[in-house]
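Heads up: the sequence lines are chains L and Y, in that order. In terms of the working numbering, the numbers along the first sequence are unbroken and rise by one, the last being 364. In terms of the working numbering, the numbers along the second sequence are unbroken and rise by one, the last being 272.
One should not assume that every hint holds.
[Said to hold, decoys possible] What follows is a list of derived Cβ distance ranges for each label pair:
(1) A14(L) with R264(Y): 34 to 40 Å
(2) D75(L) with F71(Y): 41 to 47 Å
(3) F90(Y) with K250(L): 36 to 42 Å
(4) V261(Y) with I310(L): 55 to 61 Å
(5) V98(Y) with P119(L): 45 to 51 Å
(6) L62(Y) with R180(L): 40 to 46 Å
(7) R184(L) with V261(Y): 51 to 57 Å
(8) F25(L) with L93(Y): 28 to 34 Å
(9) R264(Y) with G26(L): 23 to 29 Å
(10) K250(L) with V98(Y): 58 to 64 Å
No lab work stands behind these hints: they were computed from the structure. Where a beta carbon is used, it is the ideal one built from N, C-alpha and C, also for glycine.
Here is how the chains run, residue by residue.
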Amino acid sequence: MPSSTSSAMNQAPAIAEFRAASKRFGPVLAADEVSLTIRRGEFLTFLGPSGCGKTTALRMLAGFEAPTSGAVYLDGERVNDMPAYRRPVNMVFQHYALFPHLTVAQNIAYGLLQRRPRPDKAEVAAKVARALDMVRLPGFGPRRIWEMSGGQQQRVALARAIVNEPKLLLLDEPLAALDRKLRREMQIELQTLQRQLGITFVLVTHDQEEALSMSDRICIMRGGKIVQTGSPTVLYDEPISRYVADFVGKSNFVDGIFAGHNKVTAHGTTFTGRILCTPAIGSKVTLSIRPEQIELTRDGLEPVQVVNRIFLGEHTEYLVRHDNMGELLVRVSRQAEAAEGPFDPGSEAFVRWAPDAALILDQD
Amino acid sequence: MRFYASLVYLFLYFPIAVIVFFSFNAGKSATQMMGFSVGWYGHALHNPFVTEALRTSFIVALSSASIASVFGTMAALALQGMKGRVRMLFDALIYVAVMVPGIVIGISTLIALVTLFGWINPVLAALFPAGQAPQLAMGLVSLIGAHALFSMALVIIILRARLAGMDRSLMEASADLYAAPFATFRQITLPLIFPGILAGFLLSFTFSFDDFIIAFFVAGSETTLPIYVFSSIRRGVTPEINAIGTMVLMTSLVLLVIAQVILRRGPRQEAA
Numbered sequence: 001m002p003s004s005t006s007s008a009m010n011q012a013p014a015i016a017e018f019r020a021a022s023k024r025f026g027p028v029l030a031a032d033e034v035s036l037t038i039r040r041g042e043f044l045t046f047l048g049p050s051g052c053g054k055t056t057a058l059r060m061l062a063g064f065e066a067p068t069s070g071a072v073y074l075d076g077e078r079v080n081d082m083p084a085y086r087r088p089v090n091m092v093f094q095h096y097a098l099f100p101h102l103t104v105a106q107n108i109a110y111g112l113l114q115r116r117p118r119p120d121k122a123e124v125a126a127k128v129a130r131a132l133d134m135v136r137l138p139g140f141g142p143r144r145i146w147e148m149s150g151g152q153q154q155r156v157a158l159a160r161a162i163v164n165e166p167k168l169l170l171l172d173e174p175l176a177a178l179d180r181k182l183r184r185e186m187q188i189e190l191q192t193l194q195r196q197l198g199i200t201f202v203l204v205t206h207d208q209e210e211a212l213s214m215s216d217r218i219c220i221m222r223g224g225k226i227v228q229t230g231s232p233t234v235l236y237d238e239p240i241s242r243y244v245a246d247f248v249g250k251s252n253f254v255d256g257i258f259a260g261h262n263k264v265t266a267h268g269t270t271f272t273g274r275i276l277c278t279p280a281i282g283s284k285v286t287l288s289i290r291p292e293q294i295e296l297t298r299d300g301l302e303p304v305q306v307v308n309r310i311f312l313g314e315h316t317e318y319l320v321r322h323d324n325m326g327e328l329l330v331r332v333s334r335q336a337e338a339a340e341g342p343f344d345p346g347s348e349a350f351v352r353w354a355p356d357a358a359l360i361l362d363q364d
Numbered sequence: 001m002r003f004y005a006s007l008v009y010l011f012l013y014f015p016i017a018v019i020v021f022f023s024f025n026a027g028k029s030a031t032q033m034m035g036f037s038v039g040w041y042g043h044a045l046h047n048p049f050v051t052e053a054l055r056t057s058f059i060v061a062l063s064s065a066s067i068a069s070v071f072g073t074m075a076a077l078a079l080q081g082m083k084g085r086v087r088m089l090f091d092a093l094i095y096v097a098v099m100v101p102g103i104v105i106g107i108s109t110l111i112a113l114v115t116l117f118g119w120i121n122p123v124l125a126a127l128f129p130a131g132q133a134p135q136l137a138m139g140l141v142s143l144i145g146a147h148a149l150f151s152m153a154l155v156i157i158i159l160r161a162r163l164a165g166m167d168r169s170l171m172e173a174s175a176d177l178y179a180a181p182f183a184t185f186r187q188i189t190l191p192l193i194f195p196g197i198l199a200g201f202l203l204s205f206t207f208s209f210d211d212f213i214i215a216f217f218v219a220g221s222e223t224t225l226p227i228y229v230f231s232s233i234r235r236g237v238t239p240e241i242n243a244i245g246t247m248v249l250m251t252s253l254v255l256l257v258i259a260q261v262i263l264r265r266g267p268r269q270e271a272a
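Looking at chain L on its own, in the form it has when it is part of the complex (with noise of 0.2 Å):
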């Protein structure tokens, strides 16, 4: 899905945009020479641990912060003095930030109510309804704050911004507060939400998941600075480097030094592999193969040792110790399996996989 509309997305025009936005909060530079555009339209995540800079720059999306150099620029007009109250944007909290004394539906009114002129009170009364609906609360509109649960309150914090459709939905960890089924119940359909909107989404989350799963784009960052931009496929398929790898599914990490061309040494050992990035002969880099890529064989070439078996449904992964590259995970598919048979922790066994599906990628 993300990556059929990927291609049109690349001709969407701008809708926001970073040109080396830095912020520096005293001695900590939160976002360092941010560059990014973001389209009309696109879901994009800024992806990364706390702490790296992602709610820094959709503060400043936002209108909280304003870059200490650089420029933020939304729909082709310079933002960067412009307050919060006049940006055509509206976030969701992440903790919802839903005031206390008022109603679900005041709470929801509250954007459309600091129009001047003031809107009509029946236009307001059928927006605010409508945007109920869209959450999936109808009726809730008299209901006090305090009475919803954390999911309901999540969907009127949707609502409340959703209402005055903006050009920019900014989404601050929006469902880190909630269990594991509802946040994935609200993944859906806060996806199936942007699609029937066509507003742009910009979500910050530190959930891997999260992002694959949502994002049209995804934007690693790490110690305020972007590291790398693109489709969830590309991102999992073509990382530049182990942190991305890391970040972005799971995944075996061998370093060693680049011998040159696709080769590279690690343990005494010459593996080959896809490049992906530009490294010097002799410097260090890291092989990265996802688990799923590795096949677990009788026989073969290199020999390894199950040491543990962990079925998991719909499929199973091992872990397999490997006498030069270590620890190896290894996911087989329940077809896989089937065919080859479980094998016992202890046993010997063999691995191999596709020569490009071990990626050369920078170490840090």
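Given chain L's structure and the hints, the job is docking chain Y onto it.
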């Protein structure tokens, strides 16, 4: 432990209980019960000196509490916006203001005002034709001012606690939803801190209504209820004093309970 605690409470509340008890005395003695009657309450409320003093006390309490609430709220909001050392200094100063004994506040306010009036009165006398110049002196206004000054510290302390416990992202959410700073203040901040302001108002009112020491110094010729009670005790104690005391006690108690209830209810208050 429980026994000692009971002793402490007995020690604290027994005198008060005695006062309340004897306010219902049918006889004229404040120490010898002569049968039950509410006659002294009627007596007190029909005494023109008492009603006049009560009126003065109400005016002073209402005015000083109103002034303290408005300015205290403004000061608390301003302090919220400050950072680091300056805020710590002001916070400390406010706690000190509450801890300073009433007698010190009374005397220092008196000295300050007398000095100030000593400077202003000659100026006024020079500006107006002879004999028509207004004379600044101790009275209702100086008393209201002194009480408002002290109560303001109470209001600030209550509101600082409330503001500190408030989610900052609520203000950001309001700004995000197109509300300019003043609109945010009116629609979000004020409704959320309003219980704190109300509680501060009630505490200020109680403080002013009960206060004797500060009033004694700066009231000039005005007589508040506590000052009336003090001066009539010198003419001998009758159960009328007990009745007045009980009424003041009840007023204060009711207001304090209301203030506590408001503060406890927290964000669940019905506003907007």
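Hints violated by the structure (numbers, ascending): 1, 3, 6, 7 and 9
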